[in-house]
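Peer 1: Sequence:
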Amino acid sequence: MNHLTSVEIYIWNYLEENKTKVIQMTVAQIAESAHVSPSSIIRTLKKKNFSGFSEYKNTAKIKMNTNKWIHGLSESANQVVSETIEELLRTVRLLESENLS
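Residues in the sequence shown are numbered consecutively from 1, following full-length UniProt numbering.
Note that these hints are calculated values from the structure, not bench results.
Please read all numbers here as calculations on a predicted model, not as lab measurements.
Do not take every clue at face value.
To be verified - Using 35 Å as the maximum straight-line C-alpha spacing, the simulated DSBU-like pairs for lysine-lysine come out as follows:
no. : residue 1 : residue 2
1   : K46       : K61
2   : K57       : K68
3   : K46       : K63
4   : K47       : K68
5   : K46       : K68
Model the full structure from these sequences, guided by the hints.
Peer 2: Have a look at this one:
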């Protein structure tokens, strides 16, 4: 396993913490923004088992889209559960009112 230098750790953290912004930038733009060289970014990505910046970018986009999908699914699932609970409560109230009659 390739160990990262302190600069490479900085670069990796920068990429991961700014993923939304990074996927819309070039390596040169990221290098300028992070105050590192483009070759240091590529070297870091290769040590992290990416073939280069394009693969990292594509992987990041897929992960972000997957997370959005999962989050959206969770919201939908929560809505279904809430609606089901409300319906069950209505049913219980109806049954209770019928039993009282």
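Peer 1: Determine for every hint whether it applies to the structure shown.
Peer 2: Verification of the hints:
1. Among the hinted pairs, K46 with K61 is consistent with the structure: their alpha-carbon atoms are about 18 Å apart, no more than 35 Å.
2. A hinted pair counts as satisfied when its Cα atoms are at most 35 Å apart, and K57 with K68 qualifies at roughly 17 Å.
3. Using a Cα cut-off of 35 Å, the hinted pair K46 and K63 holds, with the two alpha carbons roughly 19 Å apart.
4. The hinted pair formed by K47 and K68 meets the criterion: a straight-line CA distance of about 28 Å does not exceed 35 Å.
5. A hinted pair counts as satisfied when its Cα atoms are at most 35 Å apart, and K46 with K68 qualifies at roughly 27 Å.
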